[in-house]
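Visitor: One letter stands for each residue in the lines below.
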Amino acid sequence: MLEVRELSKAFGGLKAVDKASLDVAEGEIVGLIGPNGAGKTTLFAAIAGFHTPDSGRIAFAGHDITGLAPHQVCAAGMVRTFQITQPFARISVRENIMVGAYFRTADRREAMHLAEAVAARVGMTSQLDRQGSDLTVAGRKRLELARALATRPRLLLLDEVMAGLNPTEIAEIVEVIREIRTAGVTILLIEHVMQAVTSLAERVYVLNQGRMIAEGTPAAIAENPEVVEAYLGHGAAKVLRA
Amino acid sequence: MLDPQIILAGVLNGLLAGGIYVLVAVGLTLIYGVLHIINFAHGSLLMLAMYAVFFLWKLSGVDPYVALPIVTAGAFAIGFVLYRGVIGRWSHGKDENILLITLGVSIIADNGALLFFGGDTETIDVPYAGKIIELGAAFLPLPKVISCAAAIAICLGLGLFMARSDTGKAIRAVAKERQGARLVGIDVEHIFAVSYGIGIACLGAAACLLMPTFYVTPQSGYAFVLVAFTTVVLGGMGSFVGAAVGGFLIGITESIGGLLLGEQLGQIGISLIFILILLLRPTGLFGARA
Amino acid sequence: MLEVKGLRAGYGAIEILRGVDLAVGTGEIVALLGSNGAGKSTLNNNVCGLYRPFGGTVRFGGSDITGARSTRIVEAGLVQVPEGRRIFPTLSVRDNLELGSYRRGRSGRQKNLAHVVEIFPRLKERWTQPAGTLSGGEQQMLAIGRGLMGEPKLLILDEPSLGLSPLLVEEMFALIGRLNAGGLSILLVEQNVVQSLAIAHRAYVLEGGVVALSGPARELAEHPGLRKSYLGH
Amino acid sequence: MRNAALAAALLAALVYPLLVPNYLITVGMLMFFTAFIGQSWNVSGGFAGQTSFGHAVFFGVGAYTSTILHVSYGWNPWLAWPVATAMGGLVGAGIAFLSFRAGLRGSYFALITLAFAEVFRIVANSAGFTRGGLGMLIKADSRFENFQFATPIAPYYLALALCLVSLAIAWWLTRSRFGARLVAIRENEDAARALGIDVFAEKVKVLTLSGAMCAAGGTFYAQKYLYIDPSIAFGIDKSVEMLLVTMVGGAGTIFGPLIGSIALTTINELTRNAASVFPALKNVQPLSLVVYGAMLILIVARLPDGFASLLKRRHA
Amino acid sequence: MAKKQKMPVSRRGFMAGSTALAGTMGFPLIGGAQPAGVKVGIIHPVTGFVAFAGSQGRFGATMAVEDINKAGGIKAMGGAKLDPLFGDSQSKVEVGVAEVEKMNEAGVAAYIGCYQSPVGIAASQAAAKYNTPFLIDVGASDLIVSRGLKNVFRIKPGFGVCVDQGIEALGAMNKAAGGVAKTAVIVHESGEFGTGTAKLLAGKLPGIGIAAKELIGHDNPTRNFDNIALRIRSSAPDIVMMSNYQNEYVLLARTLHQQKVNLAGMFSVLGGGFNYKFAKEQPEVSQYMMDTNHWYNPKSEKAQALKKRVEAAGKEFTFEVYLAYTVVGLLADALEHAGSADKEKLTAALASSTFKAELMPYGPTKFVNGQNEGAKAAVLQADKGDIKVIAPAEFAEMKPVFPKPKLG
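Residue numbers (the working numbering), protein chains in the order written: chain A, 1 to 242; chain B, 1 to 290; chain C, 1 to 233; chain D, 1 to 316; chain E, 1 to 408.
No wet-lab data here; the hints were simulated from the structure.
Among the hints, erroneous ones may be present.
Unchecked claim - For lysine to aspartate or glutamate, the following EDC-like pairs were computed, each having C-alpha atoms within a straight-line distance of at most 20 Å:
#1 K150(E) with D141(D)
#2 K58(B) with E316(E)
#3 K94(B) with D190(D)
Said to hold, decoys possible - Computed, partial: chain B to chain E, Cβ under 7 Å:
#4 L114
#5 D120
#6 T121
#7 D125
#8 I132
#9 Y215
#10 A223
Ideal placement from N, C-alpha and C gives every residue a C-beta, glycine not left out.
Build the full structure now, drawing on both the sequences and the hints.
Guide: Printed below as a string of structure tokens:
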């Protein structure tokens with residue numbers, strides 16, 4: 001469904017993403033992990049049309065979407081969320097989600113229904129009338145998810161929806177994401193909370209210093225010495241194996 | 001067509017006028033560079049400083065050049081307090097809020113001046129106002145030569161201060177890296193207020209240099225607002241060198257444009273330059289990419 | 001020396017730290033570990049006065065500095081070398097270092113400059129260059145050098161190895177060890193778990209805003225929970 | 001409850017001119033007219049968050065377009081009105097296209113609109129077809145079919161109608177997809193983009209709408225006062241006035257500009273009248289503008305959503 | 001009644017205020033049977049850009065009202081007092097119109113105003129709806145009296161007359177000086193007033209043998225006249241004519257002086273900054289500058305006395321003051337003739353007025369389409385910090401100095 005080939009993006013002299021490639025098949029949950037500053041968010045932004053890649057190609061559902069603007073990418077059926085949540089602060093949760101819902105309909109009533117339905121799916125029904133700025137972290141993360149879902153995407157790009165949540169909240173949102181997938185939405189997620197990635201993703205890509213260094217099942221990845229080193233530091237693989 | 005001598009004189013006039021633009025723009029660009037705010041009250045505060053010069057002269061007979069240190073220091077104090085008490089405290093750090101607050105300050109300043117000083121045109125008559133330095137076709141009025149030279153000297157002094165002193169370095173540090181500045185123990189809010197104060201102090205100096213040849217009314221700050229904005233975007237928002245080069249460029253452009261196209265269209269030139277730079281090269285000549 | 005008790009903190013309505021206890025003794029290196037988003041930087045920022053904590057106390061050198069301004073905290077001798085270095089890009093290397101003694105250690109400026117140059121001879125070569133043009137490793141040296149200029153009693157190093165080549169990472173850890181050997185207390189915030197644990201005396205692992213593991217570094221290195229915290233297994 | 005209050009207010013507005021002297025009718029007309037042009041600012045500045053310092057550019061384009069068509073080409077002003085409105089929209093689209101294509105936001109956008117207004121002012125001051133600085137005089141001929149009115153009542157109702165239309169537009173913005181998108185853009189441009197909003201296109205659209213509304217106000221003004229010149233039409237005073245009433249009343253709310261306009265017009269009339277009753281106070285008039293300025297600062301500082309938020313708070 | 005009130009805090013302040021109030025508004029402090037006053041709306045821009053001029057106008061009108069009331073009010077109406085309502089147009093058209101509406105409610109018999117032409121145009125139009133006479137005290141644009149409005153009266157000369165008079169005087173001076181001046185440059189502000197005057201001047205100059213070499217427009221405000229000085233020097237005209245508002249007028253004069261532009265004369269028509277203040281504060285700059293402007297009749301004792309009074313009050317005797325004063329006199333005269341404050345009668349009385357504007361160098365008042373055909377401007381020259389009338393001859397205080405001595 002999503003094909004990224006040899007994508008590069010540099011800022012100034014710094015290569016944030018360096019010839020990274022990845023594939024996501026329809027119906028999958030795929031994880032993208034990597035240590036701090038690996039370039040994950042930049043890669044996401046490039047896929048979603050927020051940055052124009054310097055080189056490389058992105059295809060979605062068989063169409064080349066390289067260099068398209070975010071709204072065009074969204075129209076193709078792919079939508080992203082943000083690592084730092086960006087709620088529309090001075091409007092209600094319902095109205096927040098409606099902004100997403102309006103992507104598929106111009107009708108206010110329909111958008112409201114859709115928004116409420118989505119809110120129910122992410123467990124926000126009780127918070128529909130709250131202001132965007134009044135939400136807790138967990139609430140914001142859910143809102144981020146709900147708004148994106150309301151555009152009825154085929155592929156969701158989730159950027160660290162679990163960062164900053166406590167274990168209970170994580171467990172809850174993992175459940176929500178599973179259900180979203182069950183409902184037929186493909187998911188690519190950046191995540192640091194490894195338990196979550198492990199329990200959710202079928203496959204995981206590892207990005208380090210802009211380069212894709214590994215790909216495989218979560219279990220295999222956790223054993224991959226290069227990944228362990230990237231995460232835990234030089235010499236870690238040897239130490240841990242011992 | 002015009003005599004090359006006249007053109008040369010026009011360039012010299014432009015340079016002289018540019019000196020003041022530089023001073024006004026340096027204050028604006030400093031405030032922008034450090035605080036990342038556009039000080040919409042710049043013109044009004046210049047006007048207040050000009051009234052200060054006028055009243056010092058009228059009531060106590062203080063020559064504007066003698067008044068320079070007094071007015072500059074006073075302007076610094078007012079800028080510092082204004083930032084601490086109003087702008088910094090009430091803007092909640094939002095760009096648009098600051099713009100609106102400085103707009104509010106300018107409305108208050110303009111009408112306050114009208115309230116207390118009246119709407120009349122006030123000038124001061126200093127004995128050296130009519131002195132001229134002849135340079136070919138150019139007759140350079142002594143006060144303008146002095147003002148330009150003083151403006152340059154003040155800018156150089158300010159540059160030196162920024163380069164050498166701890167406070168100057170702290171200002172430059174805060175401009176680019178607030179977090180880092182806090183972590184070495186720089187009081188960032190204090191530096192903001194100091195920077196705003198210095199920006200306004202530049203206006204104080206400019207007022208002293210302007211008054212021997214200019215006039216003051218509650219509206220006279222506006223004459224310099226758009227020019228200062230244009231100078232700053234031309235030079236690059238926040239760029240010290242840019243403001244200096246930009247000020248002289250604007251002075252000369254305006255001068256030559258006025259000579260060739262007529263003064264009225266010369267003014268449109270300022271606005272057009274402003275628009276074109278913002279549209280085509282928002283970083284200006286010397287600005288760093290945002 | 002540093003004592004954090006029940007610290008709760010976050011941004012706006014968002015609570016990130018949910019009651020953290022942590023201490024650094026005189027002469028110690030303490031490692032603070034945890035994956036991204038665990039709250040390490042939030043802890044740093046609240047300890048150093050960049051943000052005001054929601055609750056809990058922070059004591060340094062015996063006095064309460066909870067919610068104090070960063071100027072006072074630096075003055076007291078608690079200096080942070082932040083993640084991402086946060087050097088002043090338009091200022092020269094020398095000016096960066098001099099500003100390190102803006103609030104504290106001003107009288108010892110010349111002596112300390114010489115000291116820093118001794119530790120990082122590379123900086124001398126770049127003396128008048130704008131700091132923004134330095135390489136990543138050099139910037140990290142500069143950031144640490146700038147921190148040292150303030151004659152800290154406790155130095156917080158936030159991700160000093162981030163973005164450095166493996167060789168430089170080795171060097172960096174060796175250096176941290178040397179600084180500590182010279183008597184400086186250090187709180188080391190790292191994701192480079194193995195090397196951090198190798199030089200630290202004690203360590204804490206943050207997870208979801210609370211301390212998940214803590215203890216002597218050697219013991220933690222063996223702890224199965226550590227690996228799980230990072231890699232999920 | 002709310003509807004009843006609104007209906008009562010509307011009724012009051014409708015019978016108001018039948019009960020009060022002409023002077024108060026004129027003041028009422030000014031309130032509604034200022035609320036109308038304030039609302040034009042609110043559409044782009046309040047709902048979409050694109051602060052403009054140069055809205056007078058649209059006002060002036062509207063005033064000049066209809067006046068030129070009427071005076072120089074003999075058009076009936078009623079016919080010239082929609083053309084002037086469209087011109088305002090066109091200029092709005094043009095300025096938006098250039099500014100937003102260049103990626104200008106926040107203060108930069110505010111300043112460039114100021115500069116555009118200044119350019120238009122200088123052109124109007126120099127060009128032949130605007131009669132330059134002499135200004136344009138519309139021949140007095142007080143007939144309704146000529147868009148001129150013998151009594152203050154007709155312009156009052158017309159201004160009221162304009163104000164109602166603008167309220168309807170604002171109401172529509174709070175209930176429509178377009179409005180939701182504008183608010184999203186105001187609150188967070190990046191998030192709006194991620195949710196499939198073509199931010200650039202929506203911004204161009206809203207400035208087109210805003211420009212058209214403001215230009216319609218310009219024509220109304222020209223026909224009411226029968227004289228315009230470059231400073232009246234394109235001067236910064238008008239721009240600031242639109243911004244002030246909206247900010248004070250509550251940017252991004254339906255009734256903000258109206259509330260702001262009522263408040264500011266009232267303060268203004270009171271201070272002016274105070275001065276007429278007590279000549280000893282004659283120099284006090286600038287004080288009203290000092291008060292405006294202070295209110296602006298206070299509102300930015302303490303009431304980011306303007307006076308309207310006070311009402312809302314009480315409701316809640 | 002004021003005396004009965006107890007003012008716990010500031011009795012003196014209150015008393016002072018109420019006395020001033022009563023004084024200015026012509027209310028007697030001690031009651032008695034008085035005929036109803038005649039309400040007059042006096043609208044000036046006392047705030048905003050031209051607040052100074054506006055306040056001057058209001059001051060002049062206030063004095064006139066006081067004088068008339070003190071002298072027994074309108075005798076034909078049983079000594080009815082003038083009852084002024086003061087309005088502030090804030091330099092804004094819509095505010096000026098609102099003032100007209102408001103004062104109409106109060107039942108004013110006539111309006112006086114408005115200084116700025118745009119405000120005057122709109123305000124008098126609004127007054128026309130109520131058929132209320134509108135007396136223009138200052139307001140240069142001839143658009144004001146070209147609209148066929150029956151209620152508008154302007155006692156002072158318009159553009160056209162001032163220009164003609166100025167040109168005539170300049171022609172005569174030039175002839176007397178042997179035709180030294182052959183070319184002129186006209187510097188004007190680019191607004192309504194400056195542009196209009198400049199066009200008229202340029203059209204008429206050839207008639208007196210002077211070629212208009214260049215028309216230089218400038219914006220308000222202009223920061224710097226150095227280049228205009230340069231251009232003037234490069235085209236080397238014999239005279240510079242200027243037509244602009246106070247700030248720019250003063251700045252231009254100072255700049256030409258500083259830049260040592262050598263001219264036979266500087267001549268303006270309705271020069272915005274040519275007044276006592278300028279002459280006094282900038283004696284060197286203003287020396288021998290000439291202007292055609294509204295001016296009082298220096299030979300009139302009444303005018304001289306008024307001048308002393310104004311100066312004693314710490315104000316300047318500018319044309320706004322005595323024009324407003326004169327216009328109030330015109331109104332009182334018309335009221336005497338009409339014998340009533342009835343608008344129709346008053347309008348008719350104004351239209352047929354033969355009021356003798358004693359303060360002014362005017363002939364008998366004669367309104368044609370609302371313009372006083374008897375109005376004349378005076379040609380003035382600054383001399384050692386003072387201003388002297390040099391033409392028309394019957395009012396002249398001194399002989400013109402033309403060409404002026406070359407600069408050293």
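Visitor: Could you run down the list of hints and mark each one as holding or not?
Guide: So, going through the hints one by one against the coordinates:
1. K150(E) with D141(D): Holds, because 13 Å separates the two Cα atoms, which is no more than 20 Å.
2. K58(B) with E316(E): holds, 17 Å
3. K94(B) with D190(D): Between K94(B) and D190(D) the Cα gap is close to 17 Å, so the pair holds against 20 Å.
4. L114: holds, 6 Å
5. D120: holds, 4 Å
6. T121: holds, 5 Å
7. D125: holds, 6 Å
8. I132: holds, 6 Å
9. Y215: The hint holds - Y215(B) has a Cβ within 7 Å of chain E, the shortest such distance being about 6 Å.
10. A223: Hint holds; A223(B) Cβ to chain E Cβ min 4 Å, cut 7 Å.
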